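Colleague: Sequence:
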Amino acid sequence: MLKDNYDEFLSKGIQPIGIAGQKIEGIKQYTEANDIKIPILSDETRKVIKQYEVFLLNGIHFA
Numbered sequence: 155m156l157k158d159n160y161d162e163f164l165s166k167g168i169q170p171i172g173i174a175g176q177k178i179e180g181i182k183q184y185t186e187a188n189d190i191k192i193p194i195l196s197d198e199t200r201k202v203i204k205q206y207e208v209f210l211l212n213g214i215h216f217a
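Okay, so the sequence shown: first residue is 155 according to our numbering, each after it adds one.
Think of the hints as simulated: they come from the structure by calculation, not from any bench.
Quantities reported herein were computed from a predicted structural model and do not represent experimental measurements.
Keep in mind that a hint or two might mislead.
To be verified - Cut-off 35 Å, straight-line C-alpha distance, at most; resulting in silico cross-link-like pairs (DSBU-like, lysine-lysine):
no.	residue 1	residue 2
1	Lys-157	Lys-201
2	Lys-191	Lys-201
3	Lys-177	Lys-201
4	Lys-201	Lys-166
5	Lys-182	Lys-157
6	Lys-166	Lys-177
7	Lys-157	Lys-177
8	Lys-166	Lys-182
9	Lys-157	Lys-204
10	Lys-157	Lys-191
11	Lys-204	Lys-191
12	Lys-201	Lys-182
13	Lys-204	Lys-177
14	Lys-204	Lys-182
15	Lys-204	Lys-166
16	Lys-166	Lys-191
17	Lys-177	Lys-191
Said to hold, decoys possible - Label-pair ranges, simulated between beta-carbon atoms:
no.	residue 1	residue 2	range
18	Glu-186	Asn-159	16 to 24 Å
19	Lys-204	Asp-161	28 to 36 Å
20	Asn-159	Tyr-184	17 to 25 Å
21	Ile-168	Asp-189	16 to 24 Å
Don't be surprised by glycine CBs; every beta carbon is placed ideally from N, CA and C.
Modelling step: build the complete structure from the supplied sequences, incorporating the hints.
Modeller: Rendered as structure tokens:
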């Protein structure tokens, strides 16, 4: 899981980010409640999500 390997990515000079189709307030609540350090960008219109052709398979998002 990306959350578990976040520090390893940073140590290699890679900054992972997430994109969510929710409002900033909801993202903030979720990341705080789940101790997520990865920056999450808000894409309420899902324009970026659609451009990257993100899809859901068995509960996991792929791009």
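Colleague: All the hints need checking, so say for each whether the structure fits it.
Modeller: We went through each hint and held it up to the structure:
1. Lys-157 / Lys-201: Satisfied, since the Cα-Cα distance of roughly 24 Å is no more than 35 Å.
2. Lys-191 / Lys-201: Cα-Cα ~24 Å, so holds.
3. Lys-177 / Lys-201: Answer holds: Lys-177 to Lys-201 is near 14 Å, not above 35 Å.
4. Lys-201 / Lys-166: Within the cut-off at roughly 30 Å; holds.
5. Lys-182 / Lys-157: This hinted pair holds, its Cα atoms lying about 15 Å apart.
6. Lys-166 / Lys-177: 30 Å, holds
7. Lys-157 / Lys-177: Distance of about 21 Å is within 35 Å: holds.
8. Lys-166 / Lys-182: 26 Å, holds
9. Lys-157 / Lys-204: 23 Å, holds
10. Lys-157 / Lys-191: Distance of about 7 Å is within 35 Å: holds.
11. Lys-204 / Lys-191: Holds, at roughly 24 Å.
12. Lys-201 / Lys-182: 20 Å, holds
13. Lys-204 / Lys-177: 17 Å, holds
14. Lys-204 / Lys-182: Given that 35 Å is the threshold and the Cα spacing comes to 22 Å, the pair holds.
15. Lys-204 / Lys-166: Roughly 29 Å between the alpha carbons, so the hint for Lys-204 and Lys-166 holds.
16. Lys-166 / Lys-191: With Cα atoms ~16 Å apart, Lys-166 and Lys-191 stay inside 35 Å; holds.
17. Lys-177 / Lys-191: 18 Å, holds
18. Glu-186 / Asn-159: 16 to 24 Å: Given a distance of about 20 Å, which is inside 16 to 24 Å, the answer is holds.
19. Lys-204 / Asp-161: 28 to 36 Å: 31 Å, holds
20. Asn-159 / Tyr-184: 17 to 25 Å: Between Asn-159 and Tyr-184, where Cβ atoms are some 19 Å apart, the hint holds.
21. Ile-168 / Asp-189: 16 to 24 Å: 20 Å, holds
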